[in-house]
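Could you put the whole structure together from the sequences, leaning on the hints where they help?
Chains A and B supply the protein sequences, listed in that same order.
Using my numbering, the first residue of the first sequence is number 2, and each one after it goes up by one.
Using my numbering, the first residue of the second sequence is number -3, and each one after it goes up by one.
These aren't lab readings, by the way, just hints derived from the structure by calculation.
Quantities reported herein were computed from a predicted structural model and do not represent experimental measurements.
It is possible that part of the hints are untrue.
Calculated pairs, DSSO-like style, for lysine-lysine (alpha carbon to alpha carbon, straight line, at most 30 Å) [to be verified]:
1. K17(B) / K78(B)
2. K494(B) / K78(B)
3. K30(A) / K485(B)
4. K30(A) / K343(B)
5. K17(B) / K30(A)
6. K255(B) / K213(B)
7. K135(B) / K343(B)
8. K135(B) / K463(B)
9. K78(B) / K343(B)
In silico negatives: residues of chain A with every beta carbon more than 10 Å from chain B [unchecked claim]:
10. P118
11. R220
12. L294
Quick reminder that beta carbons are idealized off the backbone N, C-alpha and C, glycines included.
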Amino acid sequence: MALDDGSIWRTLGIAPTEDATDIRRAYAKRLRSVHPEDNPEDFSELRLAYETAAGWARLSGLRSIEDNLQTTTTRRPVTTWTSPEAAPFPQGRPPSVETLTIDQMLDELSIDEWREPELERLRQDLAISLRPPGTPQERFAALQRIFCSEAMKSSRLYAETEIWLALLLRGHFQETEALIEPSITFYAWDRTVEGYRKSPGDRVLQRRDALNLRDAVNRPGHRLHRAFVALERPFLDSYGIQYGLTFGLHRRVGELIATVDCNPEFESLLDRGAVAWWRRHLRGPGRGPALFLGALLVPVAIAKLATSSDYSDYDGMTFAFIWFTALAGYLLLLGATVAVTHYLRVSSTPSGSWIEELGDAAP
Amino acid sequence: MIIGIDLGTTNSAVGIFRDGKAELIPNSLGHVLTPSAVSFDEASGEVLVGLAARERQSTHPDHTATAFKRYMGANRVTRLGKRDFTAEELSALVLGRLKADAEAHLGEPVTEAVITVPAYFNDKQRKATRRAGELAGLKVERLLNEPTAAALAYGIHELGNESRFLVFDLGGGTFDVSVLEIFEGIIEVRASTGDNRLGGEDFNDILVDEFRRTAGKDISEKDRTDSTLRERIRVAAERTRRALTENPSATMSIVWKDKAIERQITTDEFEGLCTGLVNRLRDPVLRSLRDAGLRSEDLSEIILVGGSTRMPVVRKAITRMFGRFPANAVNPDEAVALGAAVQAGLKSRDVALKEVVMTDVCPYSLGVEVAERGPGGRIIDGIFSPIIERNTVIPASRMQSYFPMQDNQRELILRVYQGESRHVVDNVPLGEIKVPLTGGRAEDGATDVRFTYDINGLLEVDVTVMKTGETRQLMIVDDDVAAAPDFEKRRAALAALKQHPRDSDAVKTVLARGHRCYEDALGDTRQFLGAQITQFELVVEGQDPREIEHAIGQLTAVLDQFEGQTWL
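The structure is reproduced here in structure tokens:
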């Protein structure tokens, strides 16, 4: 049953293609006539053809990714530097400072004899050498050397580390993890010391958690799963990760919270803080009283403004008239806003069953 | 008319596809689930099947068998009174009862059936199931994998959508995981795996062990091996496990030698005890996802099948595994039987199912034993060489060539195995085939081995010696079931057993339950129950159907008050 190129496409009944969907559709169509129960031999031939064709399609997909990777690497080659001549960021360096490589600076820093002003200068130098222009990869490599150096252990770089880490996190690479872990253990950031000043790594750690969460929630996959992830991990209000979440996810999270209300035993699997935050968030801020007060005060203010001009001779009736007009306008505007918001929410929320959402779940 | 039967470890059900939809057939008691229990009543010489038999489990442990599906395909006999039964004979009795229920409901004789088996049942267990069907007088049209059946029941409503989902089937005695995909109206099983020795009964055993360990001090050494005590603890364990589904804690209590022995158990405690079992749920899930090439994020739904998935412990584990709450898309007890009914409809080419095509996979690898030449020319034998790999879409046909080990070898012995282990000793042997060779150089002795695995799970092995063109064939099939010398005898013996008549099932069931409750009770309650039972028996002797019906309702109400509602 050896299949050559031609016979595969003949069996599937389509022209040669690398489109997986077309192949699948052709297979499904042929399957109706070549039923596995009635026609086992033809079926296994069809299946073989389908699997081979699907395999080729997957392979060509991989190949195109590979090609893309190659073009990106040729466009922007990764430079490595080993000697002072090939120092990473020559133009980013102020001319007044004598030129030292990072390694030299680190060596200097690890010497004990320095007084505070010199140390300060060295630290600044290091910080400058990490500034752009330099690709994130280059900066990352430089940081890695700093973190592995002796100077790091002498805790002379204490204050800077936090800033650098935050800087790196902004560009957030996967590799940042490799830097965060040693520094956390080194400074014992994971342990809270009684009577000590605010743990310096707190912000970095929080930020890392938030980024991890955002990554996990934004990863392609089914919404139910992403919603669960959003509820499963602790996060603080100030993280601002909610910007990355869509309306559809809001609904899923709402459903999950409803499930938890029905099955209290699941509560232990989720983060209480996150659930509470989402509950508040989904309920929305208490806008009712504010809107009511606004409805009273805004027209009054407008009417007051309008009647306060010098040259006018408005009486009480005019004031009431303006007040009414302003109130009507305010209410109209409010109504329009509510309608538009509602429309947006409805149009962005899938209306059918869960299964219709699969379209965007595909990676 | 083809019926679909879910032959379960704890409960069985039967369904049929008609008027464009699948429906379940109620038994004589009006329940759609029939407990898979068989009891032999010495007094009347009758065989009881179903709820009546299960109620007798703790009062007549030596005459009652349950959970025999776990010994399917094994040479283990269960002794009920004076007679020995194999697991397939007991299953045949249950199947026979289901068949009778279907005939009574449909008003026509039923001769063909689709029977479900756990996906991870091996070849021997499948054959035993098929034989059980034949013993019950049913032509087994198809053995269908249970998760596939559940997926069919679910997928038949979702045909228009493209989706990928996972069926998590934890029944009374077996555990299966299948990953399925629906596209273009085709239901395709992508991967299927499981553990055929893991189920709700194991969770019961954990409770039994715990009870024996902590509360068992009150029981004398001699009594510990008593079968009545064992069954009582088992029933109490089952009841406690069900209570733990609803409540944060439950009391496990038995009455032994007129003394109540109790043990309080909380959900957290139970969870702690079950850690080992829960961990065993993990590997099959991971393997099936890996085989299907999917991540848990890609699944649109997790479908829970089997009564054991109701346990909070299991649901929590599933939630952790998949990172989402499972949905109650199907009824976990009925989905498999409904799916079997759909398959029966597919098989009889029901017009409503004309456009549906389903492809299944072979859940384990099939191959032959080979020897390898290791370093220094040492021959290592007993190595498994798979020919059809697991999760190959069936029907499938694969071929591989093998060479003799030695020059001038005169014979080639091919042993066929099924399993995943590299060493054949850990796999299941299926058969053996001897091929004569002409000798000569080993390199010239190429022999092609073709495995053909058909849609019913029957394997055909063809061996061709390239040099001579000689072919040998080995059918690892069970078409000899009906032809086996003792088959007719066995069937006749089973048929000769006096079956309890269907129409008085309700009386027998409530009476058995009454006797059990009587034994479980103490003091005044016992006296009261005894009086009630006597009164009931008097009414039954009166043979007035209306009065009997009334009395059944009354006694059931009394018993419900005593122990809470009965479960299925």
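Hint by hint, here is what the structure shows:
1. Using a Cα cut-off of 30 Å, the hinted pair K17(B) and K78(B) is violated, with the two alpha carbons roughly 44 Å apart.
2. Between the alpha carbons of K494(B) and K78(B) the distance comes to roughly 14 Å, so the proposed pair stays at or under 30 Å and holds.
3. At roughly 49 Å between alpha-carbon atoms, K30(A) and K485(B) are farther apart than 30 Å, so this suggested pair is violated.
4. Under the criterion of a C-alpha separation no larger than 30 Å, the hint pairing K30(A) with K343(B) is consistent with the structure, at around 20 Å.
5. For a cut-off of 30 Å, the pair hint linking K17(B) to K30(A) stands: about 25 Å separates their Cα positions.
6. For the suggested pair K255(B) and K213(B), the alpha carbons sit about 13 Å apart, so the restraint of at most 30 Å is met.
7. Only pairs whose Cα atoms come within 30 Å are accepted, and K135(B) paired with K343(B) is accepted, the gap being roughly 13 Å.
8. Annotation: proposed proximity of K135(B) to K463(B) is violated, straight-line Cα distance about 42 Å (limit 30 Å).
9. With a C-alpha separation of about 41 Å, the suggested pairing of K78(B) with K343(B) is violated against the 30 Å cut-off.
10. Distance check on P118(A): its Cβ is at least 54 Å (rounded) from any Cβ of chain B, clearing the 10 Å threshold; non-interface status holds.
11. Listed as outside the interface, R220(A) is inconsistent with that label: its C-beta sits roughly 7 Å from the nearest C-beta of chain B, within the 10 Å cut-off.
12. For L294(A), the condition that its CB be more than 10 Å from all CB atoms of chain B holds, with the nearest at approximately 41 Å.
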